[in-house]
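Residue-level listing of the chains:
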Amino acid sequence: MHIDASKLEFGELNEIIRNTEADVEITGCMGQRFIAAGLSDRKISIEGVPGNALGAYLNGAKITVGGNAQDAVGDTMNEGGIYIRGSVGDAAGYAMRGGEIFVRGNAGYRAGIHMKAYKEKHPTLVIGGRAGSFLGEYQAGGTIVVLGLNEDGKSIVGNFPCTGMHGGKMFLRGSCEGIAFPKQVTTHLADEAEKAELRPLAERFCAMFDLDTDEIMNEDFTVVLPDTKNPFKQMYVTN
Amino acid sequence: MKLKEGQIRIPSGCAISAVISREGKRMTGEKIIESMKPMHDRSNGLGGGFAAYGIYPEYKEFYALHIFYDDNTSRHTCEQFLKDGFEIVRAENIPTRKHKNITDEPLIWRYFVAPLASVLARMQLDEKEYTARIVMKINTEIDGAYVFSSGKNMGAFKAVGYPEDVGEFYRLDEYGAYLWTAHGRYPTNTPGWWGGAHPFGLLDYTIVHNGEISSYDANRRFIEMFGYKCTLQTDTEVITYIADYLMRKQGLTLEETASVIAAPFWSTIENREDKELLKYLRCTYGGLLITGPFSIILGFNGGLMALNDRLKLRSMVVGEKDDKIFIASEEAAIRTMEPDAENIYSPAGGEPVIVRVKEGVEL
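Going down the list, the sequences are from chains A and B. For the first sequence, position 53 matches number 53 in the working numbering, and the numbering has no gaps at all. For the second sequence, position 342 matches number 342 in the working numbering, and the numbering has no gaps at all.
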């Protein structure tokens, strides 16, 4: 089903999507919020700029975006996938607890904030370019991968990555010298086993965006984990 | 009695947008109005406004005072007061068109004025300082009069309503500006008064602001030591005065001003090459550090500065096309103005985006 969204308000657009069982192809998208919120088992493709909270509470649908997306992509998503050819705004994958988000370009601030995992739920966020400050803030579970394929010379992550991280895992491509991580996490270069663990994900990402997996994997990766010997206790005051 | 701003506290969310032509080319207000439409739901209809630069070239030597009046009594009082200090070369209603969504409008006047040389000589003030003091005096002492714009060759236009309606109400399609800024307001608890909408302005500085600063009282206490009076209890007003104080009175550059109001953390300063300067600014103007979420666009004659708070708790996107730079809370707003906008990016928290009209361009 094709929807020309150029004259539709966000409520109208989302109602049309909810009221069909077909896959949906949206063109002329211009900032409509909450697209595909809570949606299961469908395919949604979007041309234009989807508004904030794209795929919030997503429950199994697959969303592809031809260009950029705005803030809070996949907010609290449960299952499914969001695949973005451009860049995303702030707080991508906010509190996501399942499914996957692939971003070919860059991510803004607070990507993967408070991601969490539970039993079979294991959310994954892969960023092709660079991430802004506070990457993985309060991360509680799941996997965040940043490949640093941006060509603007800026650092793979901004300031204060992993602040409050207490679960999950992060892979940052390169040795990350000069990046200041908080005391509550540990970093080490990925060994062969860890790279083997990352490889299938990298392959899928590269296949989707026409990248060369070998070239990307043929470099060091820094693995960030919460330090179980020095758990995150407090940020501001002792209560 | 209806409570006005200043008598009640107003926290707010919001949408902002701006476009500037580096060639100084004039643009009508239609595009900037359009840009607010995809962000409609960031506002709730309780405030919208625009600032336009370069719109009064035939009066560019004169301060353009835009004033709201409750009634003709307050207008007469204010006009009498103005005549004591200014030559008024033109006084008129600001043209508006009837709009079904814009109601309860006050009297809306504008005056093109020049401070009297004899008064400036007697008071030994430069004309900017004198004009700023008169604006403060009207806003605090003349009941029912409120100056909401006071720069040269520029003007603010604001009202209670959604920004796209406000733009139509003020006939902004009939103005030509090389720089437009816009604001849609989402106050969560407002008495709904026209003066409380954005932009806030003093002289040619205007601010549109999305956010809710938590340092308001600390900032207010500091700035009120220097003759500014924060009458409205809204954080945007204090940001406007901070900009005026730091740049006009203290002579700081835009970059330095950004380093005061969105100062980097001490831990970040330690690793910066310009750490001596940053330390100096943070120590000297500690009371002007603005904390809490904000994205602002500061307009002035000849350019703009966009800035996020240092933690970047609000969104802001920048794009460009040919001679134009676009800034907005959402990329959709930029794409509405220019579908083929290039180099879209989000500046980091505390990283100022400064755009000026090219040197030598007659404004």
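Honestly, the hints are just simulated from the structure, not real lab data. Be aware that one or more of the hints could be misleading.
[Claimed, not checked] Among the chain A residues that face chain B by a calculated CB cut under 10 Å, a handful are:
#	residue
1	E25
2	T27
3	C29
4	M30
5	Q32
6	G48
7	T64
8	Q70
9	E79
10	Y83
11	R85
12	D90
13	N106
14	A117
15	G153
16	G158
[Claimed, not checked] Subject to a maximum C-alpha distance of 30 Å in a straight line, what follows is the list of computed BS3-like cross-link-like pairs (lysine-lysine):
#	chain 1	residue 1	chain 2	residue 2
17	B	K279	A	K7
18	B	K321	A	K154
19	A	K154	B	K37
Yeah, the Cβ is synthetic: ideal placement off N, Cα and C, and Gly gets one too.
Taking the hints in turn, this is what the structure says about them:
no.: 1; hint: E25; result: violated (19 Å)
no.: 2; hint: T27; result: violated (13 Å)
no.: 3; hint: C29; result: holds (8 Å)
no.: 4; hint: M30; result: holds (5 Å)
no.: 5; hint: Q32; result: holds (8 Å)
no.: 6; hint: G48; result: holds (8 Å)
no.: 7; hint: T64; result: violated (18 Å)
no.: 8; hint: Q70; result: holds (6 Å)
no.: 9; hint: E79; result: violated (27 Å)
no.: 10; hint: Y83; result: violated (18 Å)
no.: 11; hint: R85; result: violated (13 Å)
no.: 12; hint: D90; result: holds (6 Å)
no.: 13; hint: N106; result: holds (8 Å)
no.: 14; hint: A117; result: violated (26 Å)
no.: 15; hint: G153; result: violated (13 Å)
no.: 16; hint: G158; result: holds (6 Å)
no.: 17; hint: K279/B to K7/A; result: violated (51 Å)
no.: 18; hint: K321/B to K154/A; result: holds (23 Å)
no.: 19; hint: K154/A to K37/B; result: violated (33 Å)
Hint violations for this structure: numbers 1, 2, 7, 9, 10, 11, 14, 15, 17 and 19, all remaining hints satisfied.
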